[in-house]
Amino acid sequence: MDNAYFDAIHLWLQQNTDWVGPVIAMVACLESLVVVGIVLPGVAMLFALAAIAGAASIPVYPILLWAFLGAIVGDGVSYLLGYYYHERVRSWWPFNRHPQWLESGEGFFQKYGALSVVIGRFVGPVRPVIPAVAGMMGMLPQYFFTVNFLSAIAWSPVYLLPGYLTGAALQWHDKVPDQLLLVLLAIICIAIMFPPLLISMHRRFKPWFIWYPVISLALLVLFILANTVGFLESVNQRVYEWLMPVQLPWLQNVMHWVTQIGSIPVLSILFAGGLFWLYRSKRFGSLLCLLCGGISMACSVWLIKWLAENDRPVMMSGLDPYAFPSGHTTATAFVLFSFAAMLGERRPFQVQWLWSSVAFGLVMIEAFSRLVIQVHWFGDVLMGLGLGLFWALIVICTEKRNQCPE
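Residue numbering for the sequence shown is 83 to 488, as defined by my numbering.
Warning: the hint list may mix true and false statements.
To be verified - Below are the DSSO-like pairs computed for lysine-lysine, each with C-alpha atoms no more than 30 Å apart in a straight line:
# : residue 1 : residue 2
1 : K193      : K482
2 : K364      : K482
3 : K193      : K387
In case anyone wonders, no lab produced these hints; they're calculated from the structure.
Working from the sequences, and respecting the hints, build out all of it.
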(Lines of atoms letter the chains of each structure in order from A and count residues from 1; the text may use other names and numbers.)
(Lines give C-alpha, C1' and ligand atoms only; values in the text may rest on other atoms or scores of the structure.)
Protein backbone atom coordinates (compact mmCIF):
# COMPACT_ATOMS: atom_id res chain seq x y z
CA MET A 1 0.00 0.00 0.00
CA ASP A 2 1.32 3.46 -0.89
CA ASN A 3 1.01 6.65 1.12
CA ALA A 4 -1.85 7.91 -1.05
CA TYR A 5 -3.99 4.96 0.06
CA PHE A 6 -3.35 5.67 3.74
CA ASP A 7 -3.96 9.39 3.19
CA ALA A 8 -7.34 8.59 1.63
CA ILE A 9 -8.31 6.41 4.61
CA HIS A 10 -7.12 9.12 7.00
CA LEU A 11 -9.22 11.76 5.23
CA TRP A 12 -12.28 9.49 5.16
CA LEU A 13 -12.02 8.79 8.90
CA GLN A 14 -11.74 12.49 9.65
CA GLN A 15 -15.03 12.97 7.81
CA ASN A 16 -16.67 9.87 9.32
CA THR A 17 -15.59 9.87 12.96
CA ASP A 18 -18.23 7.28 13.95
CA TRP A 19 -16.02 4.67 12.27
CA VAL A 20 -12.84 5.58 14.16
CA GLY A 21 -13.65 3.25 17.07
CA PRO A 22 -14.41 0.15 14.98
CA VAL A 23 -11.32 0.77 12.82
CA ILE A 24 -9.20 1.03 15.97
CA ALA A 25 -10.62 -2.32 17.11
CA MET A 26 -9.82 -3.87 13.73
CA VAL A 27 -6.23 -2.56 13.73
CA ALA A 28 -5.71 -3.66 17.35
CA CYS A 29 -6.98 -7.12 16.41
CA LEU A 30 -4.81 -7.42 13.28
CA GLU A 31 -1.78 -6.03 15.12
CA SER A 32 -2.17 -8.86 17.65
CA LEU A 33 -2.49 -11.69 15.13
CA VAL A 34 0.43 -14.06 14.95
CA VAL A 35 1.25 -13.55 11.24
CA VAL A 36 -0.32 -10.20 10.36
CA GLY A 37 1.07 -8.40 13.40
CA ILE A 38 4.65 -8.99 12.28
CA VAL A 39 4.26 -7.02 9.04
CA LEU A 40 1.57 -4.51 10.06
CA PRO A 41 2.82 -1.15 11.47
CA GLY A 42 0.23 -1.40 14.22
CA VAL A 43 1.77 1.03 16.71
CA ALA A 44 1.98 3.85 14.16
CA MET A 45 -1.54 3.17 12.89
CA LEU A 46 -3.03 3.12 16.39
CA PHE A 47 -1.25 6.36 17.24
CA ALA A 48 -2.65 8.04 14.11
CA LEU A 49 -6.17 6.74 14.74
CA ALA A 50 -6.09 7.83 18.37
CA ALA A 51 -4.87 11.27 17.26
CA ILE A 52 -7.88 11.54 14.93
CA ALA A 53 -10.15 10.64 17.84
CA GLY A 54 -8.51 13.23 20.09
CA ALA A 55 -8.71 15.96 17.46
CA ALA A 56 -12.39 15.17 16.86
CA SER A 57 -13.12 15.33 20.63
CA ILE A 58 -14.48 11.79 20.60
CA PRO A 59 -14.91 10.61 24.23
CA VAL A 60 -11.87 8.63 25.33
CA TYR A 61 -13.78 5.79 27.03
CA PRO A 62 -15.28 4.25 23.85
CA ILE A 63 -11.93 4.56 22.05
CA LEU A 64 -10.12 2.65 24.80
CA LEU A 65 -12.89 0.06 24.91
CA TRP A 66 -12.68 -0.55 21.14
CA ALA A 67 -8.90 -1.02 21.38
CA PHE A 68 -9.29 -3.32 24.38
CA LEU A 69 -11.81 -5.53 22.58
CA GLY A 70 -9.72 -5.72 19.41
CA ALA A 71 -6.58 -6.64 21.35
CA ILE A 72 -8.14 -9.47 23.36
CA VAL A 73 -9.78 -10.91 20.23
CA GLY A 74 -6.53 -10.78 18.23
CA ASP A 75 -4.44 -12.31 20.99
CA GLY A 76 -7.16 -14.88 21.67
CA VAL A 77 -7.20 -16.01 18.03
CA SER A 78 -3.39 -16.22 17.99
CA TYR A 79 -3.40 -18.32 21.15
CA LEU A 80 -6.03 -20.71 19.75
CA LEU A 81 -4.03 -21.13 16.54
CA GLY A 82 -0.96 -22.09 18.55
CA TYR A 83 -2.99 -24.26 20.94
CA TYR A 84 -4.67 -26.34 18.22
CA TYR A 85 -2.00 -26.39 15.49
CA HIS A 86 1.10 -26.66 17.71
CA GLU A 87 4.24 -27.39 15.66
CA ARG A 88 2.46 -26.86 12.33
CA VAL A 89 2.69 -23.12 12.98
CA ARG A 90 6.42 -23.37 12.21
CA SER A 91 5.65 -24.30 8.61
CA TRP A 92 3.56 -21.16 8.04
CA TRP A 93 4.91 -18.07 6.35
CA PRO A 94 6.88 -16.12 7.52
CA PHE A 95 8.09 -18.53 10.24
CA ASN A 96 9.29 -21.10 7.69
CA ARG A 97 11.72 -18.44 6.43
CA HIS A 98 12.43 -16.81 9.79
CA PRO A 99 12.27 -19.54 12.46
CA GLN A 100 14.20 -17.32 14.86
CA TRP A 101 11.07 -15.23 15.42
CA LEU A 102 9.25 -18.12 17.06
CA GLU A 103 12.42 -19.23 18.82
CA SER A 104 12.84 -15.82 20.43
CA GLY A 105 9.22 -15.97 21.59
CA GLU A 106 9.76 -19.44 23.04
CA GLY A 107 12.84 -18.30 24.93
CA PHE A 108 10.89 -15.33 26.26
CA PHE A 109 8.01 -17.56 27.38
CA GLN A 110 10.32 -20.08 29.07
CA LYS A 111 11.99 -17.25 30.98
CA TYR A 112 8.88 -15.43 32.20
CA GLY A 113 6.10 -18.03 31.99
CA ALA A 114 2.56 -16.65 32.18
CA LEU A 115 4.01 -13.21 32.92
CA SER A 116 5.38 -13.17 29.36
CA VAL A 117 1.82 -12.63 28.08
CA VAL A 118 1.71 -9.39 30.07
CA ILE A 119 5.24 -8.23 29.25
CA GLY A 120 4.90 -9.31 25.62
CA ARG A 121 2.08 -6.85 25.03
CA PHE A 122 4.51 -3.98 25.48
CA VAL A 123 7.64 -5.47 23.86
CA GLY A 124 7.61 -4.93 20.11
CA PRO A 125 9.81 -7.77 18.78
CA VAL A 126 7.90 -10.57 20.53
CA ARG A 127 4.44 -9.02 20.81
CA PRO A 128 2.71 -10.76 17.86
CA VAL A 129 4.13 -14.23 18.57
CA ILE A 130 3.82 -14.60 22.35
CA PRO A 131 0.10 -15.61 22.37
CA ALA A 132 0.72 -18.25 19.70
CA VAL A 133 3.80 -19.50 21.55
CA ALA A 134 1.77 -19.71 24.77
CA GLY A 135 -0.72 -21.94 22.94
CA MET A 136 2.01 -24.04 21.32
CA MET A 137 3.64 -24.64 24.71
CA GLY A 138 0.40 -25.79 26.30
CA MET A 139 -0.55 -22.87 28.54
CA LEU A 140 -4.01 -23.66 29.91
CA PRO A 141 -6.82 -21.64 28.28
CA GLN A 142 -8.25 -20.39 31.58
CA TYR A 143 -4.87 -18.96 32.59
CA PHE A 144 -4.16 -17.40 29.21
CA PHE A 145 -7.53 -15.70 28.79
CA THR A 146 -7.45 -14.37 32.36
CA VAL A 147 -3.98 -12.87 31.89
CA ASN A 148 -4.90 -11.69 28.39
CA PHE A 149 -7.96 -9.85 29.72
CA LEU A 150 -6.10 -8.19 32.60
CA SER A 151 -3.08 -7.14 30.54
CA ALA A 152 -5.29 -5.60 27.84
CA ILE A 153 -6.73 -3.26 30.48
CA ALA A 154 -3.29 -1.67 30.86
CA TRP A 155 -2.29 -2.01 27.19
CA SER A 156 -5.21 0.03 25.85
CA PRO A 157 -4.41 3.35 27.57
CA VAL A 158 -0.64 2.94 27.19
CA TYR A 159 -0.95 2.56 23.40
CA LEU A 160 -3.88 4.92 22.76
CA LEU A 161 -3.57 7.84 25.17
CA PRO A 162 -0.34 9.31 23.71
CA GLY A 163 -1.96 9.60 20.28
CA TYR A 164 -5.26 10.80 21.74
CA LEU A 165 -3.53 13.51 23.77
CA THR A 166 -1.46 14.55 20.76
CA GLY A 167 -4.57 14.93 18.62
CA ALA A 168 -6.38 16.84 21.33
CA ALA A 169 -3.38 19.10 21.89
CA LEU A 170 -3.12 19.88 18.17
CA GLN A 171 -6.81 20.74 18.12
CA TRP A 172 -6.35 23.02 21.14
CA HIS A 173 -2.79 24.09 20.26
CA ASP A 174 -3.51 27.74 20.98
CA LYS A 175 -5.00 26.82 24.37
CA VAL A 176 -2.42 24.34 25.70
CA PRO A 177 -0.97 26.03 28.82
CA ASP A 178 2.72 26.05 29.64
CA GLN A 179 1.93 24.41 32.98
CA LEU A 180 0.74 21.23 31.28
CA LEU A 181 3.86 20.98 29.12
CA LEU A 182 6.14 21.60 32.10
CA VAL A 183 4.43 18.95 34.24
CA LEU A 184 4.51 16.34 31.47
CA LEU A 185 8.19 17.11 30.77
CA ALA A 186 8.96 16.77 34.48
CA ILE A 187 7.15 13.42 34.68
CA ILE A 188 9.05 12.06 31.67
CA CYS A 189 12.43 13.24 33.00
CA ILE A 190 11.85 11.87 36.50
CA ALA A 191 10.52 8.54 35.21
CA ILE A 192 13.57 8.07 32.98
CA MET A 193 16.41 9.50 35.09
CA PHE A 194 15.38 8.91 38.72
CA PRO A 195 15.11 5.06 38.72
CA PRO A 196 18.70 4.36 37.54
CA LEU A 197 19.96 6.77 40.18
CA LEU A 198 18.03 4.91 42.89
CA ILE A 199 19.16 1.51 41.60
CA SER A 200 22.80 2.63 41.59
CA MET A 201 22.50 4.07 45.10
CA HIS A 202 20.89 0.86 46.34
CA ARG A 203 23.73 -1.24 44.93
CA ARG A 204 26.30 1.07 46.52
CA PHE A 205 24.62 1.27 49.94
CA LYS A 206 23.03 -2.18 49.99
CA PRO A 207 23.94 -2.93 53.66
CA TRP A 208 21.92 0.15 54.67
CA PHE A 209 18.80 -0.97 52.80
CA ILE A 210 17.01 -1.97 56.01
CA TRP A 211 17.12 1.70 57.11
CA TYR A 212 15.22 2.98 54.07
CA PRO A 213 11.76 2.44 55.65
CA VAL A 214 12.96 4.13 58.86
CA ILE A 215 14.14 7.20 56.94
CA SER A 216 10.92 7.19 54.92
CA LEU A 217 8.82 7.01 58.10
CA ALA A 218 10.72 9.91 59.66
CA LEU A 219 10.06 12.06 56.59
CA LEU A 220 6.37 11.11 56.67
CA VAL A 221 6.09 12.15 60.32
CA LEU A 222 7.67 15.51 59.50
CA PHE A 223 5.25 15.94 56.58
CA ILE A 224 2.26 15.16 58.80
CA LEU A 225 3.50 17.71 61.36
CA ALA A 226 3.87 20.30 58.58
CA ASN A 227 0.27 19.65 57.58
CA THR A 228 -0.93 19.83 61.19
CA VAL A 229 0.61 23.26 61.85
CA GLY A 230 -0.75 24.61 58.56
CA PHE A 231 2.58 24.96 56.76
CA LEU A 232 1.23 23.21 53.65
CA GLU A 233 -1.79 25.51 53.22
CA SER A 234 0.06 28.27 51.40
CA VAL A 235 1.95 25.75 49.23
CA ASN A 236 -1.29 23.97 48.35
CA GLN A 237 -2.99 27.23 47.41
CA ARG A 238 -0.12 28.40 45.21
CA VAL A 239 0.06 25.11 43.31
CA TYR A 240 -3.74 25.10 42.96
CA GLU A 241 -3.71 28.57 41.42
CA TRP A 242 -0.70 27.73 39.21
CA LEU A 243 -2.58 24.74 37.76
CA MET A 244 -5.82 26.62 37.06
CA PRO A 245 -4.97 27.08 33.33
CA VAL A 246 -4.95 23.28 32.83
CA GLN A 247 -8.69 23.05 33.53
CA LEU A 248 -9.46 22.29 29.87
CA PRO A 249 -12.49 20.20 28.81
CA TRP A 250 -10.50 17.64 26.82
CA LEU A 251 -7.86 17.29 29.55
CA GLN A 252 -10.53 16.91 32.24
CA ASN A 253 -12.09 14.17 30.11
CA VAL A 254 -8.78 12.32 29.81
CA MET A 255 -7.77 12.76 33.45
CA HIS A 256 -11.10 11.42 34.72
CA TRP A 257 -10.13 8.20 32.96
CA VAL A 258 -6.45 8.28 33.95
CA THR A 259 -7.36 8.63 37.62
CA GLN A 260 -9.07 5.23 37.41
CA ILE A 261 -5.57 3.72 37.52
CA GLY A 262 -5.81 4.24 41.27
CA SER A 263 -9.43 3.16 41.67
CA ILE A 264 -10.37 0.24 43.89
CA PRO A 265 -11.59 -2.04 41.03
CA VAL A 266 -8.47 -1.57 38.88
CA LEU A 267 -5.96 -1.90 41.72
CA SER A 268 -7.87 -4.84 43.19
CA ILE A 269 -7.55 -6.68 39.88
CA LEU A 270 -3.83 -5.89 39.66
CA PHE A 271 -3.28 -6.79 43.31
CA ALA A 272 -5.15 -10.07 42.97
CA GLY A 273 -3.18 -10.84 39.82
CA GLY A 274 0.07 -10.20 41.68
CA LEU A 275 -0.97 -12.47 44.55
CA PHE A 276 -1.97 -15.18 42.09
CA TRP A 277 1.39 -14.91 40.30
CA LEU A 278 3.26 -15.24 43.61
CA TYR A 279 1.10 -18.24 44.52
CA ARG A 280 1.77 -19.92 41.18
CA SER A 281 5.50 -19.20 41.62
CA LYS A 282 5.33 -20.75 45.12
CA ARG A 283 6.66 -17.55 46.66
CA PHE A 284 4.41 -17.84 49.67
CA GLY A 285 6.56 -15.60 51.88
CA SER A 286 6.37 -12.79 49.31
CA LEU A 287 2.62 -13.36 48.97
CA LEU A 288 2.11 -12.95 52.72
CA CYS A 289 4.31 -9.83 52.81
CA LEU A 290 2.40 -8.22 49.94
CA LEU A 291 -1.00 -9.08 51.43
CA CYS A 292 -0.13 -7.77 54.90
CA GLY A 293 1.46 -4.67 53.36
CA GLY A 294 -1.67 -3.94 51.34
CA ILE A 295 -3.95 -4.25 54.36
CA SER A 296 -1.63 -2.06 56.48
CA MET A 297 -1.41 0.54 53.71
CA ALA A 298 -5.20 0.81 53.43
CA CYS A 299 -5.64 1.08 57.21
CA SER A 300 -2.98 3.80 57.47
CA VAL A 301 -4.64 5.88 54.74
CA TRP A 302 -7.98 5.88 56.51
CA LEU A 303 -6.42 6.52 59.92
CA ILE A 304 -4.51 9.58 58.72
CA LYS A 305 -7.51 10.87 56.74
CA TRP A 306 -9.82 10.82 59.74
CA LEU A 307 -7.19 12.27 62.09
CA ALA A 308 -6.18 15.11 59.75
CA GLU A 309 -9.73 15.95 58.53
CA ASN A 310 -8.49 18.06 55.59
CA ASP A 311 -11.26 19.11 53.20
CA ARG A 312 -10.97 18.54 49.45
CA PRO A 313 -10.64 21.46 46.99
CA VAL A 314 -13.81 20.29 45.22
CA MET A 315 -16.16 17.67 46.65
CA MET A 316 -17.48 15.02 44.26
CA SER A 317 -20.18 12.42 44.83
CA GLY A 318 -18.92 9.01 45.85
CA LEU A 319 -15.77 10.32 47.56
CA ASP A 320 -15.02 10.41 51.26
CA PRO A 321 -14.91 13.98 52.66
CA TYR A 322 -11.23 14.05 53.57
CA ALA A 323 -8.29 14.70 51.25
CA PHE A 324 -5.04 14.10 53.21
CA PRO A 325 -3.45 11.82 52.03
CA SER A 326 -4.64 10.89 48.54
CA GLY A 327 -5.87 7.30 48.79
CA HIS A 328 -5.66 6.80 45.02
CA THR A 329 -2.04 7.95 44.91
CA THR A 330 -1.04 5.98 48.01
CA ALA A 331 -2.51 2.72 46.73
CA THR A 332 -1.13 3.21 43.22
CA ALA A 333 2.36 3.92 44.56
CA PHE A 334 2.27 0.92 46.89
CA VAL A 335 1.07 -1.57 44.27
CA LEU A 336 3.24 -0.39 41.37
CA PHE A 337 6.44 0.16 43.37
CA SER A 338 6.05 -3.26 45.03
CA PHE A 339 5.43 -4.94 41.67
CA ALA A 340 8.36 -3.13 40.04
CA ALA A 341 10.70 -4.35 42.77
CA MET A 342 9.46 -7.94 42.53
CA LEU A 343 9.56 -8.03 38.73
CA GLY A 344 13.04 -6.53 38.65
CA GLU A 345 14.44 -8.73 41.40
CA ARG A 346 17.73 -10.39 40.36
CA ARG A 347 17.25 -9.08 36.83
CA PRO A 348 19.77 -7.12 34.74
CA PHE A 349 20.07 -3.38 35.33
CA GLN A 350 18.12 -2.58 32.15
CA VAL A 351 15.13 -4.67 33.26
CA GLN A 352 15.07 -3.04 36.70
CA TRP A 353 15.27 0.36 35.02
CA LEU A 354 12.36 -0.48 32.72
CA TRP A 355 9.99 -1.65 35.46
CA SER A 356 10.94 1.20 37.79
CA SER A 357 10.45 3.82 35.07
CA VAL A 358 7.03 2.43 34.17
CA ALA A 359 6.02 2.46 37.84
CA PHE A 360 7.26 6.01 38.43
CA GLY A 361 5.60 7.29 35.26
CA LEU A 362 2.19 5.75 36.01
CA VAL A 363 2.22 6.83 39.66
CA MET A 364 3.07 10.44 38.81
CA ILE A 365 0.50 10.61 36.01
CA GLU A 366 -2.15 9.28 38.40
CA ALA A 367 -1.09 11.82 41.03
CA PHE A 368 -1.27 14.64 38.47
CA SER A 369 -4.76 13.53 37.46
CA ARG A 370 -5.96 14.06 41.06
CA LEU A 371 -4.77 17.66 40.86
CA VAL A 372 -6.31 18.30 37.44
CA ILE A 373 -9.77 17.07 38.46
CA GLN A 374 -9.38 19.11 41.68
CA VAL A 375 -10.18 16.44 44.26
CA HIS A 376 -6.81 16.79 46.03
CA TRP A 377 -4.29 19.41 47.05
CA PHE A 378 -0.61 19.19 46.15
CA GLY A 379 0.29 18.14 49.70
CA ASP A 380 -2.24 15.30 49.55
CA VAL A 381 -0.60 13.63 46.56
CA LEU A 382 2.92 14.17 47.94
CA MET A 383 1.87 12.47 51.17
CA GLY A 384 0.25 9.70 49.13
CA LEU A 385 3.47 9.14 47.17
CA GLY A 386 5.49 8.99 50.38
CA LEU A 387 3.06 6.73 52.23
CA GLY A 388 2.76 4.31 49.32
CA LEU A 389 6.55 4.20 48.95
CA PHE A 390 6.94 3.57 52.70
CA TRP A 391 4.69 0.50 52.69
CA ALA A 392 6.31 -0.76 49.47
CA LEU A 393 9.71 -0.50 51.18
CA ILE A 394 8.35 -2.39 54.19
CA VAL A 395 7.19 -5.21 51.89
CA ILE A 396 10.46 -5.28 49.94
CA CYS A 397 12.69 -5.22 53.04
CA THR A 398 10.65 -7.90 54.81
CA GLU A 399 10.75 -10.12 51.74
CA LYS A 400 14.51 -9.70 51.34
CA ARG A 401 15.10 -10.41 55.01
CA ASN A 402 13.06 -13.62 54.80
CA GLN A 403 15.13 -14.70 51.79
CA CYS A 404 18.41 -14.27 53.65
CA PRO A 405 19.97 -17.54 54.85
CA GLU A 406 19.86 -18.21 58.54
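Hint-by-hint comparison with the structure:
1. A threshold of 30 Å between alpha carbons decides the hint, and for K193 with K482 the separation of about 22 Å falls inside it, so the pair holds.
2. Taking the CA atoms of K364 and K482, the gap is about 16 Å. The hint holds against a cut of 30 Å.
3. Taking the CA atoms of K193 and K387, the gap is near 43 Å; set against the 30 Å cutoff, the hint is violated.
The structure shown violates just one earlier hint, number 3.
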